[in-house]
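**Student:** Those protein sequences? They're chains A and B, same order as listed. The numbering used here numbers the first residue of the first sequence as 1 and each following residue consecutively. The numbering used here numbers the first residue of the second sequence as 1 and each following residue consecutively.
Be aware that a few hints might be false.
[Stated by the list, open to error] Label pairs and their computed distance ranges (CB to CB):
id, chain 1, residue 1, chain 2, residue 2, range
1, A, Pro134, B, Gly267, 50 to 60 Å
2, B, Lys241, A, Asp212, 47 to 57 Å
3, A, Ile202, B, Glu199, 52 to 62 Å
4, B, Ser141, A, Phe82, 53 to 63 Å
5, B, Pro249, A, Arg117, 52 to 62 Å
6, A, Thr133, B, Ser168, 24 to 34 Å
7, B, Gly190, A, Arg117, 36 to 46 Å
[Said to hold, decoys possible] Calculated Cβ distances over 12 Å to all of chain B for the following chain A residues:
id, residue
8, Val77
9, Ile124
10, Ala126
11, Arg221
These are calculated hints, taken from the structure and not from any lab test. These numbers were taken from a predicted model, which means no experiment stands behind them. Backbone N, C-alpha and C fix where the C-beta goes; we use that ideal spot for every residue, glycine too.
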Amino acid sequence: MSTNWFSDISQYLGKAFYETFQMVSISLTLAIVVGIPLGLFLFLSVHRLFFQNRLLNFISGLIVNVIRSIPFVILLVILLPFTKLVAGTTIGSVAAAVPLSVAAVAFYARLVEASLREVDLGTIEAAISMGATPFFIIRHVLLPEALPGLISGFTITAISLIGYSAMAGIVGGGGVGDLAIRFGYYRYQTDIMIITVIALIILVQAVQAGGDYFTKYFDKR
Amino acid sequence: MIFLEDIVVEFDGVKTFRAVDTVSLQIKRGEVFGIVGASGAGKSTLLRTINLLERPTSGRVVVDGDDITGFSGEALRKARLKIGMIFQHFNLVRNKTVFQNIALAMKIARRSESEITARVTELLTLVGLQDKRDSYPAQLSGGQKQRVGIARALANRQQILLCDEPTSALDLETTRSILDLLKSINLKFGITVVIISHEMDVVKSVCDRVAVMNQGKVVELDDVYNIFSAPVHAVTRDMIKYTLNFDLPEELFKKHTGMLMKVIYRGDKAVEPVLSEAARFFNVNINILHGKIEYIGGKPIGIFVVDVAGGEFEVTKSISYIAANTAHTEVLHVN
Numbered sequence: 001m002s003t004n005w006f007s008d009i010s011q012y013l014g015k016a017f018y019e020t021f022q023m024v025s026i027s028l029t030l031a032i033v034v035g036i037p038l039g040l041f042l043f044l045s046v047h048r049l050f051f052q053n054r055l056l057n058f059i060s061g062l063i064v065n066v067i068r069s070i071p072f073v074i075l076l077v078i079l080l081p082f083t084k085l086v087a088g089t090t091i092g093s094v095a096a097a098v099p100l101s102v103a104a105v106a107f108y109a110r111l112v113e114a115s116l117r118e119v120d121l122g123t124i125e126a127a128i129s130m131g132a133t134p135f136f137i138i139r140h141v142l143l144p145e146a147l148p149g150l151i152s153g154f155t156i157t158a159i160s161l162i163g164y165s166a167m168a169g170i171v172g173g174g175g176v177g178d179l180a181i182r183f184g185y186y187r188y189q190t191d192i193m194i195i196t197v198i199a200l201i202i203l204v205q206a207v208q209a210g211g212d213y214f215t216k217y218f219d220k221r
Numbered sequence: 001m002i003f004l005e006d007i008v009v010e011f012d013g014v015k016t017f018r019a020v021d022t023v024s025l026q027i028k029r030g031e032v033f034g035i036v037g038a039s040g041a042g043k044s045t046l047l048r049t050i051n052l053l054e055r056p057t058s059g060r061v062v063v064d065g066d067d068i069t070g071f072s073g074e075a076l077r078k079a080r081l082k083i084g085m086i087f088q089h090f091n092l093v094r095n096k097t098v099f100q101n102i103a104l105a106m107k108i109a110r111r112s113e114s115e116i117t118a119r120v121t122e123l124l125t126l127v128g129l130q131d132k133r134d135s136y137p138a139q140l141s142g143g144q145k146q147r148v149g150i151a152r153a154l155a156n157r158q159q160i161l162l163c164d165e166p167t168s169a170l171d172l173e174t175t176r177s178i179l180d181l182l183k184s185i186n187l188k189f190g191i192t193v194v195i196i197s198h199e200m201d202v203v204k205s206v207c208d209r210v211a212v213m214n215q216g217k218v219v220e221l222d223d224v225y226n227i228f229s230a231p232v233h234a235v236t237r238d239m240i241k242y243t244l245n246f247d248l249p250e251e252l253f254k255k256h257t258g259m260l261m262k263v264i265y266r267g268d269k270a271v272e273p274v275l276s277e278a279a280r281f282f283n284v285n286i287n288i289l290h291g292k293i294e295y296i297g298g299k300p301i302g303i304f305v306v307d308v309a310g311g312e313f314e315v316t317k318s319i320s321y322i323a324a325n326t327a328h329t330e331v332l333h334v335n
């Protein structure tokens, strides 16, 4: 069994890691591209110093909250028509990346908003007193000051997505978590389950350590 | 010149709160102007109307001939470029170096990289932080942070510097050095400086003129020497009390027999001749128990506690003589 077992398991794991990587990287990219602007919007629209708009803030906040309230498995199913529309299919890791991205955007947007709130208002006010435009303040004061928070939030999002991606198996997305469920749990192949779980622990540890390093590197406070 | 006319600032709340109540002020070009008052007196709000960080509910703000009250958008940002501001908590960008913090102000004014490098280097020398160019704010002391704040506020060669409690987060010695720096900048470049503070000692040492605020109103405005030597309003008296008073030991009052008097004299008249004349003319004994001379705006104020002993009639006569020849007298104790 040994050589066969070993090559089988490494093959499974390799494929699963590739799928996880694919799903998580697609959704993380979208978390940055859409989640940061959305988080900025959530922050700026409550702020007297920028463009206060209670209605838009309420609506965007509500959408984010609704997405975040729905358990991911259910979100996965609800979004099937949307997935079909965007990815052209509802099966496979690219298709699974669609609901993952939706969840990631909502999740990260809140973390972005929270880290922007941490920025000292006095610093923003100083920039206003210097005659800076709102855009300049966002670009040169708000985002640089919030950067450590943005990075640590990104790390948290990445780790949550690795967890969520385990549920992608439902739509045939594959991935490391799915491997553990299918082989380890459904087929009672405890050895595979243990190995995949260990692999996941190592992966999450590595992501966390990397995130912590960059957070610390950019935090001069 | 800064001209504030009938400034009212109200804050909405359960009840409308009037933080600044119909204040008119004229701050001359090149002077150091102090606004003092207890916390909640409205001084900070008033200061912030000068660059419209706080928009007055009514009234006009005129800076160097421009009525900026109605300004917004680009026009307001342009006006703000000419007004520097420093803050109690410095408000530096914590994830930027000293150099980058100062450069930020010039970037806002769209200066070129080479201009920025040259000017920031010059400013670092001015505030004495040449060796801190690449440090982050967290690596600096409070005084050094405020120096960065000052450099940043002058980066675009602003002619007006607003100081919002600039030394309230600093220890005594650092306060001294920051105030000296502000004064030297004022003298060197003729920059108009507006300082608000709740500490009389701050305005005493650097200001030319002082406005005293209480409950949103300016209750007294005069040059700094008059504020300290001849305060008119009760609030002013209360505020300078710690500068012009000294606590005498209780023992002194208990043991003492005769008349204890506090005498304040102003610059032009020295007190000692008056006292010795009084002693000579009316044949009383006058002893100085305590005394100090403060120099405010280069002019002395003397405060003495004296003991007058002698016959009742002579004492009364001598006291009225002293009162007639000094700025202020006050009987502290009769026994």
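**Student:** If a hint holds in the structure, say so; if it doesn't, say that too.
**Tutor:** Here's how the hints hold up against the structure:
For proline 134 of chain A and glycine 267 of chain B, the hinted distance range of 50 to 60 Å is satisfied, since their beta carbons lie about 52 Å from each other. Judged by the Cβ atoms, the range 47 to 57 Å given for lysine 241 of chain B and aspartate 212 of chain A holds: they are separated by roughly 55 Å. Taken as a hint, the range 52 to 62 Å holds for the pair isoleucine 202 of chain A and glutamate 199 of chain B, whose Cβ atoms sit roughly 59 Å apart. Judged by the Cβ atoms, the range 53 to 63 Å given for serine 141 of chain B and phenylalanine 82 of chain A holds: they are separated by roughly 56 Å.
Checked against the hint of 52 to 62 Å, the C-beta distance between proline 249 of chain B and arginine 117 of chain A comes to roughly 54 Å, which is consistent with it. The hint said 24 to 34 Å for the Cβ distance between threonine 133 of chain A and serine 168 of chain B, and at roughly 30 Å that hint holds. The given range of 36 to 46 Å is respected by glycine 190 of chain B and arginine 117 of chain A, whose C-beta atoms sit roughly 42 Å from each other. The claim that valine 77 of chain A is not at the interface with chain B holds, since no C-beta of that chain comes within 12 Å of its own (minimum 42 Å).
Not every Cβ of chain B is farther than 12 Å from the Cβ of isoleucine 124 of chain A; the closest lies at roughly 8 Å, contradicting the non-interface assignment. The beta carbon of alanine 126 of chain A is not kept farther than 12 Å from every beta carbon of chain B, the shortest such distance being approximately 4 Å. Residue placement check: arginine 221 of chain A does not keep its beta carbon more than 12 Å from all beta carbons of chain B (closest about 5 Å).
Checked against the numbered hints above, the structure breaks hints 9, 10, 11 and satisfies the rest.
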